[in-house]
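Visitor: Residue strings, one per chain:
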Amino acid sequence: MSKKNWPLWEVFIRSKNGLSHKHVGSLHAADDEMAVENARDVYCRRSEGVSIWVVKSTEIYASDPGKSEELFETAKNKIYRHPTFYDIPKEIGHM
Amino acid sequence: MTKEEALFEYLVRIGDNSLILGHRMSEWCGHGPILEQDIALINIALDHIGQAKNWLALACEVEAKGRTEDDLAYHRDGFDFRNFLLVEQPNGHWGETLIRGFLFDTWNYYFTKTLTKSTNQQVADIATKSLKEISYHKNFSCDWIVRLGDGTEESHNKIQDALNRMWMYSGELFAMDEVDSILWKEGIGVDLSEIKKEWDVTINETLEEATLIRPADGWMQKGGKTGVHTEHLGYILAEMQFLPRAYPDAKW
Chain A
21 MSKKNWPLWE VFIRSKNGLS HKHVGSLHAA DDEMAVENAR DVYCRRSEGV
71 SIWVVKSTEI YASDPGKSEE LFETAKNKIY RHPTFYDIPK EIGHM
Chain B
2 MTKEEALFEY LVRIGDNSLI LGHRMSEWCG HGPILEQDIA LINIALDHIG
52 QAKNWLALAC EVEAKGRTED DLAYHRDGFD FRNFLLVEQP NGHWGETLIR
102 GFLFDTWNYY FTKTLTKSTN QQVADIATKS LKEISYHKNF SCDWIVRLGD
152 GTEESHNKIQ DALNRMWMYS GELFAMDEVD SILWKEGIGV DLSEIKKEWD
202 VTINETLEEA TLIRPADGWM QKGGKTGVHT EHLGYILAEM QFLPRAYPDA
252 KW
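Those sequence lines, one after another, are chains A and B. Its first residue numbered 21, the first sequence is counted upward by one per residue in our numbering. Its first residue numbered 2, the second sequence is counted upward by one per residue in our numbering.
Note that these hints are calculated values from the structure, not bench results. Incorrect hints may have been included.
[Claimed, not checked] Straight-line Cα separation of at most 25 angstroms, PhoX-like style, residue types lysine-lysine; simulated pairs:
id : chain 1 : residue 1 : chain 2 : residue 2
1  : B       : LYS118    : B       : LYS54
2  : A       : LYS36     : B       : LYS130
3  : B       : LYS186    : B       : LYS4
4  : A       : LYS24     : B       : LYS130
5  : B       : LYS133    : A       : LYS36
6  : B       : LYS186    : B       : LYS197
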């Protein structure tokens with residue numbers, strides 16, 4: 021058996037009631053078509069999805085964990101950005 | 002042979018093809034070349050076992066002797082099995098499994114598609130339910146034949162070799178006998194010479210895309226449909242039937 025692995029792909033599935041695709045995991049495949057088929061077999065065995073996206077893991081550019089302070093911490097003290105200071109009229113109900 | 006006897010025989014043949022191929026595919030569990038394909042094969046195996054259950058249950062209903070699909074699967078001997086010789090052939094390497102699947106799945110697709118128009122409503126219903134799965138099996142097999150045939154020199158040679166060796170089991174898929182004729186005339190079954198034309202088109206197109214050479218039709222092995230099997234079936238049954246035979250009271 022070849023020691024060389026097929027490329028890794030990230031899999032995104034949209035569930036029946038879901039509005040957007042959600043990351044569910046990753047898998048190996050030789051090309052995009054096989055990646056979709058493998059995703060169907062690995063991640064949709066129990067009717068989890070109605071749509072599949074795959075993207076090569078190497079194509080994902082991620083944020084740097086070392087920069088998480090400057091990227092994310094700064095939002096923490098800006099609570100006014102959360103719409104929690106408004107009175108919601110009763111007739112609107114749960115938002 | 003009465004119409005009921007012929008229908009029972011016909012249903013057992015369809016069910017046995019699914020059962021034996023399903024068992025063969027299940028032997029790949031934990032041995033696939035890569036995790037993703039291991040799971041793909043097991044999904045296909047489970048599709049086949051599910052279809053076998055439906056066909057054999059209907060066969061029992063037609064027979065009306067109080068037997069169940071489990072009785073047929075686990076308490077018959079080799080000479081009572083009616084599957085094609087093709088589907089009982091050993092898995093061999095990945096390419097051999099795929100060639101066996103390619104030849105059978107393509108046949109099964111056109112066969113089942115025709116059965117969806119059967120005058121027997123129960124037959125048509127099971128065929129309709131199965132066709133989506135079988136359509137996936139056919140595409141899975143055809144894709145892989147192209148990948149391996151049009152892949153590296155080694156994969157090309159291996160798959161061509163597997164095709165050459167497996168070809169002699171393809172003739173039986175289209176041999177009409179008394180059972181086939183009775184059911185075809187009743188509008189329940191399939192005219193195998195009709196689906197041979199469709200099978201030829203798909204096989205030829207796929208082989209061409211895969212840069213593989215279709216073997217010449219030589220001596221064709223046959224016998225499975227009438228219970229004359231290759232030596233491989235006995236080993237399958239020994240493994241598949243061991244538990245219910247050793248522990249007859251075992252429950253799921």
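Visitor: The structure should be examined with respect to each hint, and the outcome stated for every one.
Guide: For each hint, the structure was consulted:
1. Our distance criterion of 25 angstroms between C-alpha atoms is met by B/LYS118 and B/LYS54, whose separation comes to about 21 angstroms.
2. Of the pairs offered as hints, the one joining A/LYS36 and B/LYS130 holds, with about 21 angstroms between alpha carbons and a cut-off of 25 angstroms not exceeded.
3. Among the hinted pairs, B/LYS186 with B/LYS4 is consistent with the structure: their alpha-carbon atoms are about 10 angstroms apart, no more than 25 angstroms.
4. Proximity of A/LYS24 to B/LYS130 is assessed by CA-CA distance (about 39 angstroms); at most 25 angstroms being required, the pair is judged violated.
5. A threshold of 25 angstroms between alpha carbons decides the hint, and for B/LYS133 with A/LYS36 the separation of about 19 angstroms falls inside it, so the pair holds.
6. With a C-alpha separation of about 18 angstroms, the suggested pairing of B/LYS186 with B/LYS197 holds against the 25 angstroms cut-off.
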